[in-house]
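Engineer: This is what each chain is made of:
Number of protein chains: 2
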Amino acid sequence: MSAEIICVGTELLLGDILNSNSQFLAQQLAKLGIPHYYQTVVGDNPERLKQVIEIAISRANILIFTGGLGPTPDDLTCETIADFFGAPLIERSEIIEDITQKFAQRGRVMSPTNRKQALIPQGAEVLPNPTGTAPGIIWQPRPDITIFTFPGVPSEMHRMWQETAVPFLQSQGWGKEIIYSRSLRFWGIGESALAEKVSSYFNLPNPTVAPYAGKGEVRLRISAKANSAAAAEELIAPVEKQLKEIAGLDCYGADNDTLASVVGELLRSQEETVSVAESCTGGGLGQMFTEIAGSSDYFWGGVISYDNSAKIRLLGVNPKDLDKFGAVSATVAEQMALGVKSRLETTWGLSITGIAGPGGGTEIKPVGLVYIGVAGPNDEVKSFEYRFGTIRERWFIRHLSACTALDLLRRRLLTM
Amino acid sequence: MSAEIICVGTELLLGDILNSNSQFLAQQLAKLGIPHYYQTVVGDNPERLKQVIEIAISRANILIFTGGLGPTPDDLTCETIADFFGAPLIERSEIIEDITQKFAQRGRVMSPTNRKQALIPQGAEVLPNPTGTAPGIIWQPRPDITIFTFPGVPSEMHRMWQETAVPFLQSQGWGKEIIYSRSLRFWGIGESALAEKVSSYFNLPNPTVAPYAGKGEVRLRISAKANSAAAAEELIAPVEKQLKEIAGLDCYGADNDTLASVVGELLRSQEETVSVAESCTGGGLGQMFTEIAGSSDYFWGGVISYDNSAKIRLLGVNPKDLDKFGAVSATVAEQMALGVKSRLETTWGLSITGIAGPGGGTEIKPVGLVYIGVAGPNDEVKSFEYRFGTIRERWFIRHLSACTALDLLRRRLLTM
Numbered sequence: 001m002s003a004e005i006i007c008v009g010t011e012l013l014l015g016d017i018l019n020s021n022s023q024f025l026a027q028q029l030a031k032l033g034i035p036h037y038y039q040t041v042v043g044d045n046p047e048r049l050k051q052v053i054e055i056a057i058s059r060a061n062i063l064i065f066t067g068g069l070g071p072t073p074d075d076l077t078c079e080t081i082a083d084f085f086g087a088p089l090i091e092r093s094e095i096i097e098d099i100t101q102k103f104a105q106r107g108r109v110m111s112p113t114n115r116k117q118a119l120i121p122q123g124a125e126v127l128p129n130p131t132g133t134a135p136g137i138i139w140q141p142r143p144d145i146t147i148f149t150f151p152g153v154p155s156e157m158h159r160m161w162q163e164t165a166v167p168f169l170q171s172q173g174w175g176k177e178i179i180y181s182r183s184l185r186f187w188g189i190g191e192s193a194l195a196e197k198v199s200s201y202f203n204l205p206n207p208t209v210a211p212y213a214g215k216g217e218v219r220l221r222i223s224a225k226a227n228s229a230a231a232a233e234e235l236i237a238p239v240e241k242q243l244k245e246i247a248g249l250d251c252y253g254a255d256n257d258t259l260a261s262v263v264g265e266l267l268r269s270q271e272e273t274v275s276v277a278e279s280c281t282g283g284g285l286g287q288m289f290t291e292i293a294g295s296s297d298y299f300w301g302g303v304i305s306y307d308n309s310a311k312i313r314l315l316g317v318n319p320k321d322l323d324k325f326g327a328v329s330a331t332v333a334e335q336m337a338l339g340v341k342s343r344l345e346t347t348w349g350l351s352i353t354g355i356a357g358p359g360g361g362t363e364i365k366p367v368g369l370v371y372i373g374v375a376g377p378n379d380e381v382k383s384f385e386y387r388f389g390t391i392r393e394r395w396f397i398r399h400l401s402a403c404t405a406l407d408l409l410r411r412r413l414l415t416m
Numbered sequence: 001m002s003a004e005i006i007c008v009g010t011e012l013l014l015g016d017i018l019n020s021n022s023q024f025l026a027q028q029l030a031k032l033g034i035p036h037y038y039q040t041v042v043g044d045n046p047e048r049l050k051q052v053i054e055i056a057i058s059r060a061n062i063l064i065f066t067g068g069l070g071p072t073p074d075d076l077t078c079e080t081i082a083d084f085f086g087a088p089l090i091e092r093s094e095i096i097e098d099i100t101q102k103f104a105q106r107g108r109v110m111s112p113t114n115r116k117q118a119l120i121p122q123g124a125e126v127l128p129n130p131t132g133t134a135p136g137i138i139w140q141p142r143p144d145i146t147i148f149t150f151p152g153v154p155s156e157m158h159r160m161w162q163e164t165a166v167p168f169l170q171s172q173g174w175g176k177e178i179i180y181s182r183s184l185r186f187w188g189i190g191e192s193a194l195a196e197k198v199s200s201y202f203n204l205p206n207p208t209v210a211p212y213a214g215k216g217e218v219r220l221r222i223s224a225k226a227n228s229a230a231a232a233e234e235l236i237a238p239v240e241k242q243l244k245e246i247a248g249l250d251c252y253g254a255d256n257d258t259l260a261s262v263v264g265e266l267l268r269s270q271e272e273t274v275s276v277a278e279s280c281t282g283g284g285l286g287q288m289f290t291e292i293a294g295s296s297d298y299f300w301g302g303v304i305s306y307d308n309s310a311k312i313r314l315l316g317v318n319p320k321d322l323d324k325f326g327a328v329s330a331t332v333a334e335q336m337a338l339g340v341k342s343r344l345e346t347t348w349g350l351s352i353t354g355i356a357g358p359g360g361g362t363e364i365k366p367v368g369l370v371y372i373g374v375a376g377p378n379d380e381v382k383s384f385e386y387r388f389g390t391i392r393e394r395w396f397i398r399h400l401s402a403c404t405a406l407d408l409l410r411r412r413l414l415t416m
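Those protein sequences? They're chains A and B, same order as listed. Under my numbering, the first residue of the first sequence carries the number 1, and numbering increases by one thereafter. Under my numbering, the first residue of the second sequence carries the number 1, and numbering increases by one thereafter.
Just chain A, same shape as in the assembly (with noise of 0.2 Å):
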């Protein structure tokens, strides 16, 4: 027994739009332990549909499918399944009445073109959207094959799997031995450094560990087949264990933490706050900070210094060391640090003002080079150096630049 993700439209095929759907169905097929081995993306073409279900019915027994429910012409993925199993189309009264219903809470009628959404293949359950027009099939047109259609809009296609689909596997026998798995997630050591520390986990059968990286940061996959989460948890805890052991102060957390939701957690349990001065991160220093619910208890705020005037008037930086060492200089950000830092009485300033390209560097300060500084208690302040490259792009230094100021801080708190 497998699944294979099914992925329709012309869109995916011309690049308009990133699959994030079948990264969605990929983590909750590996949630539920049904073994998943192709993705398979087609257009919004019958005669190619079909051959990509001959295939797949060749090789997988669950069929998902994602996209193509809508109520435009170019919306073929119901009746292609249907025509494929030679099964005729009912119209489902209702979906019509749901259908006519969400139109009316808009005020509005439904349009025509939305029936072609109540035809469903005869002997399929309707998986019901609660928040758009296409409702998605639960089908079994063959003993051995299952088939699930949701549209291709993320956040509805969510909310059906979750409140029809997992129900029904589960009801199948899924998601008793399941794969479980814990990232570790690594800032301030390259993915090689990090396997040559910990190579000899590569091979452990259950639980594997691989390395993955992206964006500036490095992961292991701690991953275990067991019964239950509890059972895979204790598969993965010693080898998670271990592998931070030999980590030390790089590993900065796992699964969901962020390296603001980490620093963030220490500043709440120390009772501490934290306010920033931002450059050439022009404000993603903050959405950071901020992306996390609840983060008003330790983040104050701070302020977005992009023009020298800010700098001077919002943060009191000295304008004769501005002209003296230049905005990009560790006099400075060490000002801007402490500044923040006093003007919002925070325990904690951070600041960032660096070359963040494409433009703006020279040969003694060439883009990618960036000054953080980090100002705490009794006013100590601290200005570090970085050379992020002048081949990197411009979201990318200020991506790197976010996060290290981050992670100063963050080693910071761990080695008061």
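Think of the hints as simulated: they come from the structure by calculation, not from any bench. A quick note: this is a predicted structure, and the numbers were derived from the prediction, not measured. Nothing false has been slipped in among the hints.
Chain copies aren't distinguished; within one or between two, either way the pair holds.
In silico lysine to aspartate or glutamate, DMTMM-like type, Cα no more than 25 Å apart, as pairs:
#1 Lys215 - Asp257
#2 Lys116 - Glu196
#3 Lys215 - Glu291
#4 Lys244 - Glu233
#5 Lys365 - Asp297
#6 Lys215 - Glu393
#7 Lys382 - Asp323
#8 Lys365 - Asp321
#9 Lys102 - Glu393
#10 Lys31 - Glu11
#11 Lys102 - Asp74
#12 Lys31 - Asp74
#13 Lys215 - Glu245
#14 Lys176 - Glu233
#15 Lys225 - Glu245
#16 Lys197 - Glu11
#17 Lys197 - Asp255
#18 Lys241 - Asp257
#19 Lys320 - Glu385
#20 Lys102 - Asp250
#21 Lys225 - Asp74
Since the structure of chain A is provided, determine the placement of chain B on it from the hints.
Structural biologist: For chain B alone, coordinates are given in the frame of chain A:
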């Protein structure tokens, strides 16, 4: 002749990473006018990968692989392809040298595992990887089949594609008949409302017009098939003009325009400046402005007034009004906008204060309630109330808030 994109990696089947490579390649193939009807994802498993190749060569002539070129044992793409076509692997000394050099630059010695990356099928051409250790290949194992392999790391893959694959494909005659397209971007109108206004355009043969929606914005994609970009643009221009006339102010730009870049150009052309005061967005609006290189010409900075103390100290918001009306109120939004505008002496001041949730909502002030202030010349100030809904997620409410603030300033600048 058509292409198939094959992404190899168990991490894709586990949902650990989002498959952005297939979107990039899809866009690139469309640009070159190379038909492309299928995308396949398969794990790091030689047998299944061979089955995928078997299917792919039966329906496509250009096979583009990404992933599985790394030094670790589970990276099997290149040797599996060679094995499928029965070609021996040859160690290429130039690759060994290249990798050795790259390690040397980082003051390190090449680890023996990397030797593996120098094994290339006999007769294949090496696709150099300027920024990473994993080279790709261009190989015609059979006259009718062309194979490309790329590493899974997007930045490495993009560069290799542009520098080597594109010229090769052009030398093969591709890129003559091209699909050229333009996406008009809209803010402040829903997909169905816009679709109804322009429905007659959805039946055009060439160029075609199709709507897409996501993250609160709607797009109309105009795609033309022609022998040159110029010819395609000639087909697109009149349709674009008509669609813009129908949509009016709701159309804010096209293609890579963002609300921030469009507002930025308006400010630049009018030699005006802007500053921001952010509460619930916590720096997100500033980040949007500063994502654009050169934004320092018109974006001077701002204040992240997350805590009320920051609103009072850095923006001069009246404490009495904070008590009386609350931080999330029209009055406070207006004082924030005026406060930052006067402190940074900019032409415009934009402010956002709201409840991003999930917590913090009340009967009278539910999650999703957001006030946006726009302060302008002669200290005129207006505030706008939005109810972005209690079911939306925190990130989305924050995103809608920042985009709406940009859109309000855009409309104001266009109607002065």
